[in-house]
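Peer 1: Okay, here's what each chain looks like letter by letter:
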Amino acid sequence: MRRAILLTGLLLLVMAVPSHSANPGGKGEADRDFACGGSCHGDPGLSQPSSAVFAFSTDREAAYVGGPISVTVTVSQMELSDLGLIGLFLLSDTHGVADTPQDAGWTILSNGDGGQTNYVETHVIDAEGGASITWSLLAPASEGDHMLHAAVHHGGGGDARMAVSDPFEITVGPVPENMPQMLPTWEPLNARGLGEESSLSLPVVNATAVTLEYTFDGGPIAAIDATLENNVWTAVLPASLSEIDLQYRIVMSNEEFTETTGWISVGDPEKAGFSADLTAVRLQSIALMFASLALCISVQRRMARPKAPGLGEPIQALVSADQTDILAASFGAPTLNMADPRRPEGWTDEQWTHYGTAHLEQNYGGVF
Amino acid sequence: MVAAATVHAFSTEMLIGSMTFAVLTTCLRLLATFTDRIGQRAEVGLDAAAFYAAIFALVMIPIVAITGNASGNAAASPLLVNKVLLSGLCLGLWIGVVHGRRTWGPDLWTRRSMALFHTGLVCAGYGVAAMLGSIGGLLTRGETVGDILGIWPHFGASPTIGFGMSITLAILSLMTLLVVLFLQPKGEPVDA
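First to last, the protein sequences are chains V and L. Number 20 in this note's numbering belongs to position 24 of the first sequence; there are no gaps in the numbering. Just add 5 to wherever you are in the second sequence, counting from 1, and you've got this note's numbering.
Keep in mind that the hints were calculated from the coordinates and are not lab data. One thing to keep in mind: the hints can contain errors.
Claimed, not checked - Interface residues of chain V toward chain L, partial, derived using beta-carbon atoms under 8 Å:
id : residue
1  : Y60
2  : T90
3  : Q280
4  : A283
5  : L289
6  : V295
7  : R297
8  : P340
9  : Q347
To be verified - Far from chain V, some chain L residues (derived; all Cβ distances over 12 Å):
id : residue
10 : I21
11 : L36
12 : M65
13 : G77
14 : W99
15 : H104
16 : G138
17 : L144
18 : G155
19 : P158
As the list claims (entries may be wrong) - Pair ranges (Cβ atoms, derived):
id : chain 1 : residue 1 : chain 2 : residue 2 : range
20 : V       : I240      : L       : A75       : 54 to 62 Å
21 : V       : L190      : L       : D152      : 44 to 52 Å
22 : L       : G125      : V       : A354      : 19 to 27 Å
23 : V       : L8        : L       : E18       : 45 to 53 Å
24 : L       : P67       : V       : P340      : 33 to 41 Å
25 : V       : M(-3)     : L       : D152      : 24 to 32 Å
26 : V       : I240      : L       : T165      : 20 to 28 Å
27 : V       : L190      : L       : P190      : 55 to 63 Å
28 : V       : E225      : L       : I153      : 57 to 65 Å
29 : L       : G161      : V       : P340      : 24 to 32 Å
30 : V       : P340      : L       : D196      : 54 to 62 Å
31 : L       : A75       : V       : P234      : 36 to 44 Å
32 : V       : G125      : L       : G161      : 50 to 58 Å
Everything numeric in this text was worked out from a predicted model, so none of it was measured. Every residue gets a Cβ at the ideal spot worked out from N, C-alpha and C, and that includes glycine.
Full structure from sequences and hints, please.
Peer 2: Okay, structure coming up:
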C-alpha cells in the first residue's frame, strides 16, 4: 500500500510539470543567427507559429555603397507571455547560420538600444501597438539589390513562438562622386557612464563641414561643429547628468551634398559596454581553485595527524622498534582471515579489511 | 552538428545529477556515524557510492567549464565572469572532497570530527555548483529557483581585478598549494 501511494505521488509530481516556453527571461542582446545558436528557442523548427505582423520602413529610398541608411522594423499583433518580452532579429537571410546583416557586409552602427547587435530584446505592453526597433546601418560594399529579413521570438499561451518576415529589398547603388562618407572603420560610441564627456573621432571623407547633432529624450536637436585636425574630424558630445535617452548623428556636407548617418543611441555602459579581461578572469579562477584546494588539503592533513601523547602517556618514540614488534606479536589484535567463510559475498578485500572486524563482532560475537 | 550550448546543458545535467547523488549518500553516511539505524552493508555501500559519484562529478566539472566557455563570450557579462570564477572554486572544493576521502580512507566515518568536516566540504562544493546553476538560470530564463529563498545572490556585478594583480594572486595561491603539498606532514589513513 505504501509503495502504491509513493508511486502515485511520484507520478502526479511528474505529470504536474508544465510545458513552458523556452528562455522566458530572454537571452540578452547579441549578434545572433536565425537559429539563435541552437539554444534560444531550442530550434526554429520546434517553435509554435506566431501571429506577429511585420512592417519595414527606411529613412531614405535607397543607399549607396558604404552609405548610411536606417531601417525601422515594427512588429505587432503577436501573442505575449506574462513578461511581455520579445526578441527581434534583423537578418540578411534565414539559413540559420551566418545570416546576420554583418555576414552580408552590412555594418550596424546602432541597434537603437545602446548597442550594435542584430538581436534586440524589448518589452511589449500592448500587442496591437507592438514594438519598433531602428537599426542604423552602413550599406555593404557591393552594389545591387540586398534583402533584409526580420524575425521575432516570443512566448504566449505557454509556448515558444516565432515568426519571420517577408524579405525587404534595399537597393544599394554606386557612390556619387564627391559624396561625403563615413568610413566603415568608424566605431561609434554606443554606451558611456553618467557625467562623462565624450570626444568622438569621426573618419569622414569628402566633407568640408561635419556637425554632431544630438537630442535628449527626443527633444529639440542641438548641434556642435566638429573640428578638423590632422585629417581627423573631432567633436565633443556633452555629458548627460541623469539616466536619459541620448541619441546623436553625424551630418557631413560639402558644396554639392549633405549626408547624415542614422540616429545612434547611447546606452548604459553596464548593459552594453561591459568587457572584462578574460585572461585575468581565468587567472583569478585558477587562483581560487589553488587556494581552496590548499585550504582543504591543509585541514585534511592536520586532522589526519596522529594525536600527540598526553601527560603521563609513554612517548611512542621511546619504545624501541624491536620491543614494539615483540609486543605486537604477543598481544596483537586478532587478524582477519581473507578466506573467512563468514565474509559477506561481494565484499572487496579493502572493505573486508576495514569493516570485517565490526561485521564479525556485530553478527558473530567476535573475530574468533 | 550539435551546438556547444547543447553539450553544455547535457554535461551540466550529468554533473548536477552525480553531485546530488554524492551529497545525498554522504549525508546518509554521516547519519550512520551518529546513529545505529543504518546497517553495516548500507554503510559500506553509501561510502563507496559517495566516493565514486564525487569522482565522476570531478571529471565532469572541466567538461562543463569547457563547453560553457565555448557557448558564449564570458568577457561580455558580469554574470559569466562570476561563472568562470565560481567554476575554479567549485573545482578546488571537489578535488578537496576526493582527496580527503582518498587520504583518510573509508574509516574516516569512525571519527565524528572528520565525518562532519568531510560532509561540510561536500555540501560547500554542492552549494557553489548550485550558485553556478543559478547563474545559468538567470542567463537563460531570467530567473532562478534560488529566488524562493529570498537571500540568493544574483551576481550582477563582478570584481574588477587587473591582469597584474590576477597573475600575482595565481602565483601566490600556487605557492601556497605547493607549500601544503610538499612541506606539510602528510596525513595518514584513519585506522578504526
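Peer 1: The structure should be examined with respect to each hint, and the outcome stated for every one.
Peer 2: These are the hints, each one checked on the structure:
no.: 1; hint: Y60; result: violated, 33 Å
no.: 2; hint: T90; result: violated, 18 Å
no.: 3; hint: Q280; result: holds, 5 Å
no.: 4; hint: A283; result: holds, 4 Å
no.: 5; hint: L289; result: holds, 4 Å
no.: 6; hint: V295; result: holds, 7 Å
no.: 7; hint: R297; result: holds, 4 Å
no.: 8; hint: P340; result: holds, 7 Å
no.: 9; hint: Q347; result: holds, 5 Å
no.: 10; hint: I21; result: holds, 17 Å
no.: 11; hint: L36; result: holds, 17 Å
no.: 12; hint: M65; result: holds, 16 Å
no.: 13; hint: G77; result: violated, 8 Å
no.: 14; hint: W99; result: violated, 9 Å
no.: 15; hint: H104; result: violated, 6 Å
no.: 16; hint: G138; result: holds, 15 Å
no.: 17; hint: L144; result: violated, 7 Å
no.: 18; hint: G155; result: holds, 19 Å
no.: 19; hint: P158; result: holds, 16 Å
no.: 20; hint: I240/V / A75/L: 54 to 62 Å; result: violated, 39 Å
no.: 21; hint: L190/V / D152/L: 44 to 52 Å; result: violated, 29 Å
no.: 22; hint: G125/L / A354/V: 19 to 27 Å; result: holds, 25 Å
no.: 23; hint: L8/V / E18/L: 45 to 53 Å; result: violated, 23 Å
no.: 24; hint: P67/L / P340/V: 33 to 41 Å; result: holds, 37 Å
no.: 25; hint: M(-3)/V / D152/L: 24 to 32 Å; result: violated, 38 Å
no.: 26; hint: I240/V / T165/L: 20 to 28 Å; result: holds, 26 Å
no.: 27; hint: L190/V / P190/L: 55 to 63 Å; result: holds, 57 Å
no.: 28; hint: E225/V / I153/L: 57 to 65 Å; result: holds, 59 Å
no.: 29; hint: G161/L / P340/V: 24 to 32 Å; result: violated, 54 Å
no.: 30; hint: P340/V / D196/L: 54 to 62 Å; result: violated, 22 Å
no.: 31; hint: A75/L / P234/V: 36 to 44 Å; result: holds, 42 Å
no.: 32; hint: G125/V / G161/L: 50 to 58 Å; result: violated, 30 Å
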